[in-house]
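Undergrad: Residues per chain, in single letters:
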Amino acid sequence: MAIGLLGRKIGMTQVYDATGVAIPVTVLEVGPCTVLQVREPDRDGYEAVQLGFDDKPRKRATRAERGHVAVLESKRRRALLAAGITPPPKANCEPKRFIKEFRLEPGSVVKQNGHSVVRLANKLELKVGDNLTVSLFEGVPAVDVVGWTKGRGFTGVMKRWNFSGLGASHGVKRHHRAPGSLSGHATDRGNSGRMKKGKRMAGRYGNERVTIRNLAVVRVDPEHNLLVVKGAVPGPNNGYIIVRPTNKRKHVAHKYEVD
Amino acid sequence: MANRGALMKVVEDAYKRPADKVPQFEIGDYVEVHQKILEGQKERIQVFAGTVIARRGSGLSETFTVRRIVQGEGVERTFPVHSPRIAKVVVKRHGRVRRAKLYYLRDRVGKATKLRERQETGAKASAETDNKSADNSAS
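If you read the sequences in order, they're chains A and B. Using this note's numbering, the letters of the first sequence correspond one by one to residues 2 to 260. Using this note's numbering, the letters of the second sequence correspond one by one to residues 5 to 143.
Simulated from the structure, these hints should not be mistaken for laboratory data. Treat each hint with caution, since some may be false.
As the list claims (entries may be wrong) - Below 16 Å or equal to it, Euclidean Cα-Cα: the simulated EDC-like pairs (lysine to aspartate or glutamate) are:
1) A:K112 - A:E126
2) B:K20 - B:E77
3) A:K91 - A:D131
4) B:K20 - A:D18
5) B:K13 - A:E209
6) A:K231 - B:E16
7) B:K13 - A:E224
8) B:K92 - B:E16
9) A:K112 - A:E41
10) B:K96 - B:E36
11) B:K40 - A:D18
What the hints assert, rightly or not - To be clear about the criterion: a stretch of chain B counts as covered by chain A if any three or more of its residues have a C-beta under 8 Å from a C-beta of chain A, and this derived list gives those stretches:
12) 42–56
13) 59–72
14) 81–88
All residues carry an ideal CB built from backbone N, CA and C; glycine is no exception.
Working from the sequences, and respecting the hints, build out all of it.
TA: Have a look at this one:
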């Protein structure tokens with residue numbers, strides 16, 4: 002799987018393409034992301050890079066979070082060194098708020114002078130401490146964006162499942178937004194005295210991970226770490242997102258340009 | 005990490021018209037909107053003339069609405085201010101209006117739809133005369 006980047010949603014607006022057609026776009030701040038760890042088969046059983054985005058003040062971070070990104074003196078570290086084991090390298094950066102891993106093709110992680118180095122398909126080499134910027138997406142026609150939808154709390158069936166509700170009049174009293182009948186006696190499992198599993202009812206809605214695939218890249222701005230994609234992205238403004246080149250084979254080929 | 009508004013501006017400014025090319029008009033103005041229309045390969049200009057009755061939105065998404073009467077039927081068109089398809093907006097007459105949205109014109113027919121023209125000694129003097137008349141009425 003191709004490596005992606007972490008970022009946050011800035012907001013939506015519209016831009017004009019070369020023919021003057023307005024396109025709805027979402028502005029994303031993507032990167033810079035620091036490589037915090039390289040997962041290697043010998044130690045971890047799989048291959049991946051762990052990226053971190055958005056600095057967290059040191060005083061807000063736990064000691065574990067600080068020790069994850071930089072070398073801290075500790076009993077364990079001293080013990081490891083005394084036993085002649087080199088502890089894994091650290092990125093030596095500020096603690097990060099948003100940390101995610103991207104799985105790699107087997108064989109991507111190679112050893113070089115005792116260090117693990119990631120070789121990506123585009124000849125790019127990565128090691129712990131390296132920074133990745135939005136220029137990774139230059140020339141990429143479309144991306145997939147993962148976000149976490151706005152949490153809506155406990156909602157009724159009309160909002161959550163688009164039920165029609167009951168009538169506003171014709172004798173309906175105090176049940177205008179109710180789900181109605183849950184099951185008939187002769188349908189589904191109705192006559193067993195139970196309902197069919199998965200019956201859509203009221204409950205918690207939102208705050209779930211959602212992937213929107215195949216969003217056309219309108220603009221890449223490495224100077225400001227901005228990526229502009231066509232269409233909407235899940236989550237609130239300022240919400241964290243994961244962006245990666247689309248894995249759809251039939252991706253949108255259209256590329257928009259500033260006229 | 006820059007703030008959200010600033011980053012938004014970075015993107016929008018790249019598509020905005022330069023400040024001197026933004027169409028200049030006011031609510032109540034009678035304007036001609038020259039719009040570029042693509043017909044196959046050919047480009048031609050279509051003109052829509054009428055009264056500006058509203059201007060809404062901000063930044064790149066800002067639009068304005070022009071209303072005119074065609075064969076006794078009211079027609080309104082909304083244009084994006086920054087659209088590259090708007091070739092130019094020519095102001096023909098300034099209307100004297102007292103509000104930002106002239107939706108009340110929709111309820112009017114015939115002669116009542118006409119706005120009184122703003123009396124000006126010169127284009128630049130408009131602000132001064134407005135102030136003067138205000139002073140006079142106060143005293």
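Undergrad: For every hint, state whether the structure bears it out.
TA: Hints, verified against the model:
1. Of the pairs offered as hints, the one joining K112 (chain A) and E126 (chain A) holds, with about 12 Å between alpha carbons and a cut-off of 16 Å not exceeded.
2. Annotation: proposed proximity of K20 (chain B) to E77 (chain B) is violated, straight-line Cα distance about 34 Å (limit 16 Å).
3. Note on K91 (chain A) and D131 (chain A): the hinted pairing holds, with a Cα-Cα distance of about 11 Å set against a maximum of 16 Å.
4. At roughly 12 Å between alpha-carbon atoms, K20 (chain B) and D18 (chain A) fall within 16 Å of each other, so this suggested pair holds.
5. Restraint check for K13 (chain B) and E209 (chain A): the C-alpha separation of about 30 Å exceeds 16 Å, so the hint is violated.
6. Between K231 (chain A) and E16 (chain B), the direct Cα distance comes to roughly 14 Å. Compliance with the 16 Å bound is thereby established for this hinted pair.
7. Under the criterion of a C-alpha separation no larger than 16 Å, the hint pairing K13 (chain B) with E224 (chain A) is consistent with the structure, at around 14 Å.
8. In summary, the hint linking K92 (chain B) to E16 (chain B) is not supported, as the alpha carbons are separated by about 20 Å, beyond the 16 Å threshold.
9. Between K112 (chain A) and E41 (chain A) the CA atoms are separated by roughly 10 Å; this keeps the pair inside 16 Å, and the hint holds.
10. For the proposed pair K96 (chain B) and E36 (chain B), the alpha carbon gap of about 7 Å is at most 16 Å, so the pair holds.
11. The straight-line distance between the Cα atoms of K40 (chain B) and D18 (chain A) is roughly 14 Å, inside the 16 Å bound, and the hint therefore holds.
12. Counting residues of the region 42–56 of chain B whose C-beta lies closer than 8 Å to any C-beta of chain A gives 1; at least three are required, and the coverage claim is violated.
13. Note: the region 59–72 of chain B has 3 residues with beta-carbon separation from chain A under 8 Å; the three-residue rule is met and the coverage holds.
14. Counting residues of the region 81–88 of chain B whose CB falls under 8 Å from any CB of chain A gives 4; the rule of at least 3 is met.
Hint check: violations occur at hints 2, 5, 8 and 12; the rest are consistent with the structure.
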